[in-house]
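Protein chains in written order, with the working numbering: chain A, 35 to 277; chain B, 35 to 277.
What the hints contain is simulated information worked out from the structure, not anything from laboratory work. Heads up, some of the hints might be wrong.
Now the in silico label distances, taken between C-beta atoms and shown as ranges [as the list claims (entries may be wrong)]: (1) A:105 / B:117: 31 to 41 Å; (2) B:85 / A:199: 44 to 54 Å; (3) B:94 / A:98: 24 to 34 Å; (4) A:155 / B:74: 18 to 28 Å; (5) A:227 / B:197: 19 to 29 Å; (6) B:102 / A:102: 45 to 55 Å; (7) B:222 / A:108: 37 to 47 Å.
C-beta atoms are modelled at their ideal positions from N, C-alpha and C, and glycine is treated no differently.
There are 2 protein chains.
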Amino acid sequence: MQIGTLFGISVGPGDPELITLKGLRLLQRVPIVAFPAGIQGKPGVAQCIVMPWLREEQQQLPLMFPYVQDEELLTQAWRVAAEEVWHYLQQGQDVAFACEGDVSFYSTFTYLAQTLQELHPECVVQAVPGVCSPMAAVAALGVPLTVRSQRLVVLPALYAVAELETALDWADVVVLMKVSSVYEQVWEVLQKHQLLETAFVVERATLPNQVIYSNLRDRPHLKLPYFSLLIVQVTQTLVLNFS
Amino acid sequence: MQIGTLFGISVGPGDPELITLKGLRLLQRVPIVAFPAGIQGKPGVAQCIVMPWLREEQQQLPLMFPYVQDEELLTQAWRVAAEEVWHYLQQGQDVAFACEGDVSFYSTFTYLAQTLQELHPECVVQAVPGVCSPMAAVAALGVPLTVRSQRLVVLPALYAVAELETALDWADVVVLMKVSSVYEQVWEVLQKHQLLETAFVVERATLPNQVIYSNLRDRPHLKLPYFSLLIVQVTQTLVLNFS
Chain A
35 MQIGTLFGIS
45 VGPGDPELIT
55 LKGLRLLQRV
65 PIVAFPAGIQ
75 GKPGVAQCIV
85 MPWLREEQQQ
95 LPLMFPYVQD
105 EELLTQAWRV
115 AAEEVWHYLQ
125 QGQDVAFACE
135 GDVSFYSTFT
145 YLAQTLQELH
155 PECVVQAVPG
165 VCSPMAAVAA
175 LGVPLTVRSQ
185 RLVVLPALYA
195 VAELETALDW
205 ADVVVLMKVS
215 SVYEQVWEVL
225 QKHQLLETAF
235 VVERATLPNQ
245 VIYSNLRDRP
255 HLKLPYFSLL
265 IVQVTQTLVL
275 NFS
Chain B
35 MQIGTLFGIS
45 VGPGDPELIT
55 LKGLRLLQRV
65 PIVAFPAGIQ
75 GKPGVAQCIV
85 MPWLREEQQQ
95 LPLMFPYVQD
105 EELLTQAWRV
115 AAEEVWHYLQ
125 QGQDVAFACE
135 GDVSFYSTFT
145 YLAQTLQELH
155 PECVVQAVPG
165 VCSPMAAVAA
175 LGVPLTVRSQ
185 RLVVLPALYA
195 VAELETALDW
205 ADVVVLMKVS
215 SVYEQVWEVL
225 QKHQLLETAF
235 VVERATLPNQ
245 VIYSNLRDRP
255 HLKLPYFSLL
265 IVQVTQTLVL
275 NFS
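Okay, chain A solo, but in the shape it has when bound:
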């Protein structure tokens, strides 16, 4: 019997309509749909995105990925998740893993796929690209992310203020993912560089409760949700006025 394929499906930033046709076709074709389990009883973002698209007979498989830094706990969680997926693959059933944003861009899917291939090298994995959150955020803002010869830097989290300083000295556009925990430090750096007025924060891009702050000058203490990102236009760029 042929083993099943694990599809990593990028389901986009939040709006269920921002999945691709290919992602939706594969999502609806497989018997098993996996996604990161929610926390504290709340469904996860990827789960919410795929819910409207699932058929009743499809089996849902929430996988636990703890929000911890401990390498050993994480590795253990990925192994458990990989074996849960393997259980179906080895029976010849395809599994789709629904992944918020794009599956290749700071995604949990990478660890799941890697662990699965370490434990079961024969397994077959296929990634379907999608809409990543920076693209969704700028579309909502009504500005381009990059134009012409602009250099783009993406920092997934801030471990040292010096790193942001280096990026601001060099790049034309800087994106800070998951900025919530370091927002006040970032605000001070931006103030020092006189960049508060060309910095934007987008919370939960494309979701019904999306919030946009399009000028940070008077906002040194924003309380932001986990999925917030900050975009800084370091050099003068086009500021359009989309809706």
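Got chain A sorted already, so can you dock chain B onto it with the hints?
Chain B alone, transformed into the frame defined by chain A:
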């Protein structure tokens, strides 16, 4: 009468199935579908992507954007294109502009929208995000673009080798868009930094004639098409084995 809306529709990297549901819905709803005109009689990439989705009664509007550096010629071309679009908008008709990749990421759409808003400040523009080419390229390669705390740099073109050196010294992952014209120089820099074996080139990601070079060691003189991108994993990352 209400004026029409200009929708900037990201149609993805090449595979027509990589348009989003939202992009397709809006694309099929409008009476006028614009796209960059092809060159030398060949249809453009965005045009090829949307063709299978258009209805016969939709009017197609190819817009000329010359491949030149001359600012005056470009500005003139954008003005002509903007007025062609405005002709329909002012009659209350919505226009969709189909844009390869993502509409906010080094896109012609930015100039069209900006020029239109300069000439006709009352016009309404809406951007629909999509799949950008780096995400499509790594999905095809079977590697993640970024994981964990990796710093990403995107360089749209190379104007100075020193810039690439700076990026390689600082970032974990570097993407060079439109690498064809500078490939040999880039190869030499990568050789000096001993990064040829973790550098990849993807030509025409997700199109039927996609080509992947997953190790550049023996390839100092690749002849690449315009839409080729190069990805360098500067620090050790996961190399998966997707199909």
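Each hint tested on the structure:
{"no.": "1", "hint": "A:105 / B:117: 31 to 41 Å", "verdict": "violated, 59 Å"}
{"no.": "2", "hint": "B:85 / A:199: 44 to 54 Å", "verdict": "holds, 48 Å"}
{"no.": "3", "hint": "B:94 / A:98: 24 to 34 Å", "verdict": "violated, 50 Å"}
{"no.": "4", "hint": "A:155 / B:74: 18 to 28 Å", "verdict": "violated, 47 Å"}
{"no.": "5", "hint": "A:227 / B:197: 19 to 29 Å", "verdict": "holds, 20 Å"}
{"no.": "6", "hint": "B:102 / A:102: 45 to 55 Å", "verdict": "holds, 54 Å"}
{"no.": "7", "hint": "B:222 / A:108: 37 to 47 Å", "verdict": "holds, 39 Å"}
In summary, the numbered hints that this structure violates are 1, 3, 4.
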